[in-house]
Amino acid sequence: MIRRTTESSCESAVSDDQSSKAPDDDTDLFRLAMLGVRPHRPTARALADKPEPAPIPRQRLQDELEVLRELLADTEPDEIESGDTLLYRSAGVQDAVLRRLRRGHYRIESELDLHGHNRDRARLAVVQFLARCHERDLRCVRIIHGKGNGSPNSGPVLKALLGSWLRRRKDVIAYCSARVVDGGTGAIYVLLRAR
1 MIRRTTESSC ESAVSDDQSS KAPDDDTDLF RLAMLGVRPH RPTARALADK PEPAPIPRQR
61 LQDELEVLRE LLADTEPDEI ESGDTLLYRS AGVQDAVLRR LRRGHYRIES ELDLHGHNRD
121 RARLAVVQFL ARCHERDLRC VRIIHGKGNG SPNSGPVLKA LLGSWLRRRK DVIAYCSARV
181 VDGGTGAIYV LLRAR
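Numbered according to UniProt numbering, the sequence shown spans residues 1 to 195.
There could be a bad hint or two in this list.
Listed next, with one range per pair, are the computed distances between beta-carbon atoms [stated by the list, open to error]:
hint, residue 1, residue 2, range
1, E111, P53, 48 to 58 Å
2, K170, S110, 11 to 21 Å
3, V67, V97, 23 to 33 Å
4, S110, E66, 37 to 47 Å
5, N118, V67, 23 to 33 Å
6, V181, A131, 40 to 50 Å
Result set (EDC-like, lysine to aspartate or glutamate): computed pairs, CA atoms no more than 16 Å apart in a straight line [stated by the list, open to error]:
hint, residue 1, residue 2
7, K147, D182
8, K147, D84
9, K170, E135
10, K147, D113
11, K170, D137
Treat the hints as calculated values from the structure; they're not laboratory data.
Just so we're clear, the structure is a prediction, and the values are computed from it rather than from any experiment.
Each residue gets a CB set at the ideal place from its N, CA and C atoms; glycine is no exception.
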C-alpha cells in the first residue's frame with residue numbers, strides 16, 4: 001500500500017510540475033530543451049577546401065586520341081610493297097612453329113581467294129572464313145590476297161589490310177607469306193589457335 005501511495009504522489013508531482021511550466025509553442029519547447037547548453041566558441045581555424053585535381057595537359061590527351069585512332073584505323077596499303085613478305089608470330093609461339101609454317105610443313109586445310117574483293121567485302125569474307133575454320137577446328141589455312149597487279153593504285157591494297165586485320169584476332173597465332181608454289185607474296189599461310 002505504501003508503494004501505491006508513493007507512485008501516485010510522484011505522478012501527481014510530475015503532472016503539477018509540467019502543467020505549471022508547459023510551453024506554449026515550439027520555440028518555448030526548444031528553449032526548454034536547450035537549458036544548460038552553452039554555445040560553441042568559434043575557432044580561428046579555416047576549413048580547407050579539397051584540392052583540385054592536377055590538370056591533364058591538352059597535348060597528352062591529343063596524343064592518346066591519336067594513338068587510339070591509329071590502332072582502330074586500317075594500315076595504309078602503300079606501307080607494304082608488292083615484294084614484301086608478311087610475317088607475324090603472337091606472344092608465346094615458338095620460332096620453330098613459325099619456321100615450319102614458312103617452309104610449308106603444315107597441311108593447308110582450307111583456302112580463301114580475295115581476288116576481285118574491295119576492302120569491305122574482303123574484311124567480311126575473312127571474318128566469315130575464319131569463323132567457319134574455327135567451327136571446323138581447322139589449324140592451317142591459306143588466304144590469297146593477290147599481288148595488286150590489277151589494282152588501280154598499282155599496289156597490293158588488301159595485303160597490308162589483311163596483315164592488320166589478322167594481327168588483331170586472338171584466334172590467329174601466326175601467319176607468313178606463302179611459298180612460291182602456293183602463291184608467294186600474293187598469299188599467306190595462317191596458323192589458327194586450336195578450339
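The hints, checked one at a time:
Checked against the given bound of 48 to 58 Å, the beta carbons of E111 and P53, roughly 55 Å apart, stay inside it. For K170 paired with S110, a C-beta distance near 19 Å keeps the hint of 11 to 21 Å intact. The hinted window of 23 to 33 Å between V67 and V97 holds, with their beta carbons roughly 30 Å apart. For the pair S110 and E66, the supplied restraint of 37 to 47 Å holds, since their beta-carbon distance comes to about 38 Å.
The hint said 23 to 33 Å for the Cβ distance between N118 and V67, and at roughly 28 Å that hint holds. Checking the proposed 40 to 50 Å range against V181 and A131 shows it is violated: the Cβ atoms sit about 28 Å from each other. For a cut-off of 16 Å, the pair hint linking K147 to D182 stands: about 13 Å separates their Cα positions. For a cut-off of 16 Å, the pair hint linking K147 to D84 stands: about 10 Å separates their Cα positions.
At roughly 15 Å between alpha-carbon atoms, K170 and E135 fall within 16 Å of each other, so this suggested pair holds. Simply put, K147 and D113 have alpha-carbon atoms about 12 Å apart, close enough for the 16 Å limit, and the pair holds. A C-alpha spacing of about 15 Å is found between K170 and D137, which places the hinted pair at or below 16 Å, so the restraint holds.
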